[in-house]
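Undergrad: Here the protein sequences line up with chains A and B, keeping their order. Counting from 168, one number per residue, gives the positions in the first sequence under this note's numbering. Counting from 338, one number per residue, gives the positions in the second sequence under this note's numbering.
Any given hint could be a false lead.
Said to hold, decoys possible - Derived Cβ-Cβ restraints for the label pairs, each shown as a range:
#1 Trp359/A x Arg342/B: 16 to 26 Å
#2 Trp520/B x Leu198/A: 19 to 29 Å
#3 His398/A x Leu371/B: 23 to 33 Å
#4 Lys238/A x Arg428/B: 45 to 55 Å
#5 Ile242/A x Phe595/B: 31 to 41 Å
#6 Ser453/A x Leu371/B: 52 to 62 Å
#7 Arg396/B x Glu416/A: 22 to 32 Å
#8 Leu367/B x Val189/A: 51 to 61 Å
#9 Arg402/B x Leu196/A: 48 to 58 Å
Claimed, not checked - Straight-line distance between alpha carbons at most 30 Å, and here's what the computed DSS-like set of lysine-lysine pairs gives:
#10 Lys440/A x Lys434/B
#11 Lys270/A x Lys371/A
#12 Lys371/A x Lys434/B
Read the hints as simulated data drawn from the structure, not as lab findings. We put the CB at the ideal spot given by N, CA and C, even for glycine.
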Amino acid sequence: MAGPSLSSSAELRNATAEPPWVRRVLIGLALAFLTLFLFIPLATVFFEAFKKGWDVYLAAVTDDDALSAIKLTLIAAAISVPLNVVFGVAAAWCIAKFEFHGKSVLLTLIDLPFSVSPVVSGLIYVLVFGLQGWSGEWLRDHDLKVIFAVPGIVLATVFVTFPFVARELIPLMQAQGREQEEAATVLGASGWQMFWRVTMPNLKWALLYGVILCNARAMGEFGAVSVVSGHIRGQTNTMPLHIEILYNEYQFAAAFAVASLLASLALVTLGLKYLVEQRVKAQLSSARQNNAIPNGGTPA
Amino acid sequence: MFLSRTLLRRHSVLPGFDLALGFTLLYLSLIVLLPLSAAFMKTATMTLPAFWDAVTSPRVLASYRLTFSASLAAATLNAIFGLIIAWVLVRYDFPGKRLVDALVDLPFALPTAVAGITLTALYAENGWIGSHLPFKVSFTPLGVFVALLFIGLPFVVRTLQPVLEDLSQEFEEASATLGANRWQTFRLVILPILAPALLTGFALAFARALGEYGSVIFIAGNIPLVSEITPLMIISKLEQYDVAGATAIAVVMLMLSFVMLLVINLLQAWTRKRQGQ
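Based on the sequences and whatever the hints tell you, model everything.
TA: Written out as structure tokens, the structure reads:
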């Protein structure tokens, strides 16, 4: 196609860009793949949920077992997200603002829960708190239940969402350096004053970002929770587990109705994530430009 | 005070090191390290032959083969399409691009159980997609592959995107000036620069696929020796009250996770080094 009649500027552009037909093929391939594996599945959730009409949908999501599953999911998220926020801030504070021995080991250990299979994450709590486990007899003697009860579900959720907040905060705090906090301290601010007035305002977007991701995983976790739950209807079923039960009972419309609630949550998560991500990225790159590279961070 | 005296490399005027690190270590130990060590201690009470039998029974061996090969195949296809998708999102403009970009993270945000039942319904013999295919997908090993493909999709795209965005066009211009055509430039100039990030994304998708449970069990059909994945073997041992057997398999999976974590850390270090140059 590239005949001699092309202008020189077109040839220049062509030198570092693909011919139009290659572009079209690549865009087509990418969109076809995404349509097949993302967009159609997403649409299917809602299509299947409403296939039998509004009445079936409403009945499924306002059923007693469904409501108690929703409640338990909210409880698990309401406990695990704040716990991991406190941990994330504490971990980011010592890692980003201080130089100490064993820092890289600590960083690796914080990421560890991400590389453990969800099923294994649930199993290790059975080993600690289950009947045959370390504290099994003691718990039974004191009439306490962790496994097949709400505490086990919360613990498993805390484990799988453990790194989310910390890993969003650490790079940002590292890039921001410690000058602002040092100035506050030298000017006489107490530790908490410095923390609430200097550190937290700098962190808010990254913190929100971590909370959004942490919450999405907390509400959607299946494998780990499945191991410790015991699947007692109306008591220890979270929304994903309730979906499994409905599905296995061939109540497909009801299963997809509850699933559509979680899919909506996923869409809201993606929307919020998209909005907050821009701010975090902007903050990170401006912090990297303003500061010399502290703590061995990546140069911008 | 003990922590700051023994661990700090440099004195700092900032407060809170002892409190923050103390809490971090306590929480990390209670939530992660102690429970994980329980798995290793439980297997330490097993005899070696019992451990060996548990982790090498025919059903378990078949599950390793399936988990490993399906994860490898899914991560490979994810690497290829992830590269195309990242390239298209960074280099080209088309209507709806920002929406597509935001939706790429869907597999991260969508609960695995929802993904599982949805893919099963779609690829079943009477499903929207399954009914158009000449072969069965749902309830076969191919279904496992499809679920893992879905789960791993964002990893490659999201590791490649920032690297592609930072990639200066000078290299491509130089290559073109020296007479390379576009394909040669891509193969000999761009691809080597992207290689560490591409491998990192591949490794992340592969590691995630090895442990994946929720999205797979619905579509797999879970036929013994045919379509059972390794995490399911842990569940099935637990359901038979064989906690030791379940833990033995879990320890094998944990070792594999640690190896993958190490590989990924090395790959990320390589990516950073390549980026720094």
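Undergrad: Hint by hint, note whether the structure agrees.
TA: Hints versus structure:
1. Trp359/A x Arg342/B: 16 to 26 Å: Holds: the Cβ-Cβ distance is about 23 Å, inside 16 to 26 Å.
2. Trp520/B x Leu198/A: 19 to 29 Å: Once the Cβ atoms are compared, 22 Å apart, the range 19 to 29 Å for Leu198/A and Trp520/B holds.
3. His398/A x Leu371/B: 23 to 33 Å: Hint holds: Cβ distance 26 Å, inside 23 to 33 Å.
4. Lys238/A x Arg428/B: 45 to 55 Å: For Lys238/A and Arg428/B the Cβ distance comes to about 47 Å; the hint holds.
5. Ile242/A x Phe595/B: 31 to 41 Å: holds, 33 Å
6. Ser453/A x Leu371/B: 52 to 62 Å: The hinted range 52 to 62 Å is violated for Ser453/A and Leu371/B, with Cβ atoms some 40 Å apart.
7. Arg396/B x Glu416/A: 22 to 32 Å: Since the Cβ atoms of Arg396/B and Glu416/A sit about 27 Å apart, the hinted range of 22 to 32 Å holds.
8. Leu367/B x Val189/A: 51 to 61 Å: Since Leu367/B and Val189/A have Cβ atoms about 55 Å apart, the given range 51 to 61 Å holds.
9. Arg402/B x Leu196/A: 48 to 58 Å: Cβ of Arg402/B to Cβ of Leu196/A: about 31 Å, so the range 48 to 58 Å is violated.
10. Lys440/A x Lys434/B: Measuring from Cα to Cα gives roughly 16 Å; hence the hint holds.
11. Lys270/A x Lys371/A: Status holds; Cα separation ~24 Å.
12. Lys371/A x Lys434/B: holds, 28 Å
In terms of the numbered hints stated before, the structure departs from hints 6, 9, listed from lowest to highest.
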